[in-house]
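Residue numbers (my numbering): 170 to 323.
The set of hints was computed from the structure by calculation and includes no laboratory data. Treat each hint with caution, since some may be false.
Claimed, not checked - Label-pair restraints from in silico Cβ distances:
#: 1; residue 1: TRP215; residue 2: THR291; range: 15 to 25 angstroms
#: 2; residue 1: GLY297; residue 2: THR222; range: 17 to 27 angstroms
#: 3; residue 1: SER221; residue 2: PRO267; range: 30 to 40 angstroms
#: 4; residue 1: GLY212; residue 2: TRP190; range: 28 to 38 angstroms
#: 5; residue 1: TRP293; residue 2: VAL313; range: 16 to 26 angstroms
#: 6; residue 1: ALA194; residue 2: ARG282; range: 35 to 45 angstroms
#: 7; residue 1: TRP301; residue 2: TRP215; range: 15 to 25 angstroms
C-beta atoms are modelled at their ideal positions from N, C-alpha and C, and glycine is treated no differently.
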Amino acid sequence: MDTGTASSKAGRTPAKTGGPWLMYALCCAVPPTLLNGLVVGYGSLWFLIGGSTPDAGDYALSTGGYAAAALVLALAVPALLAHGGSGWLIAIATVCAPLLTVLALTSAVSWFRTPTPHAYWTFWDGVGAVLWGPWTWLLLAVGVRQIWVRWKFA
């Protein structure tokens, strides 16, 4: 027998889960993710890890950092919307995800235009540098779950 839960009714959104601690954790995870993406993306070009001028590896690292942060922030938006995140934080994530995507594309263009036969750093080094923070995994997990539930895959 149907108990009338919010997720069992057709056309209704699923009930919020996780309580206020999850909302606070999500809100605390967005700023460090944004900052980490900017540090990895821009820092790899600013500090010139591989030498005196940026080479293809530096641009690959930058592209991976920007792209990973953009993906995590894009997934943070539905997670924040579903769990009652503050409006200003949703706006920051909504604006910064496309901006980081543009920065990733700009770095990718420079990456492919820079001739370096043996680059030390790769795209995946940049992705890993952003995803090393446990807060990014929270945003990824809750964002993917929210998309999964919202599109009625589950």
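Hints, one by one, checked against the model:
1. TRP215 x THR291: 15 to 25 angstroms: holds, 19 angstroms
2. GLY297 x THR222: 17 to 27 angstroms: Because 24 angstroms falls inside the window, the suggested range holds.
3. SER221 x PRO267: 30 to 40 angstroms: Between SER221 and PRO267, where Cβ atoms are some 33 angstroms apart, the hint holds.
4. GLY212 x TRP190: 28 to 38 angstroms: holds, 32 angstroms
5. TRP293 x VAL313: 16 to 26 angstroms: holds, 20 angstroms
6. ALA194 x ARG282: 35 to 45 angstroms: holds, 41 angstroms
7. TRP301 x TRP215: 15 to 25 angstroms: Once the Cβ atoms are compared, 19 angstroms apart, the range 15 to 25 angstroms for TRP215 and TRP301 holds.
Of the hints listed earlier, there is not a single one the structure fails to meet.
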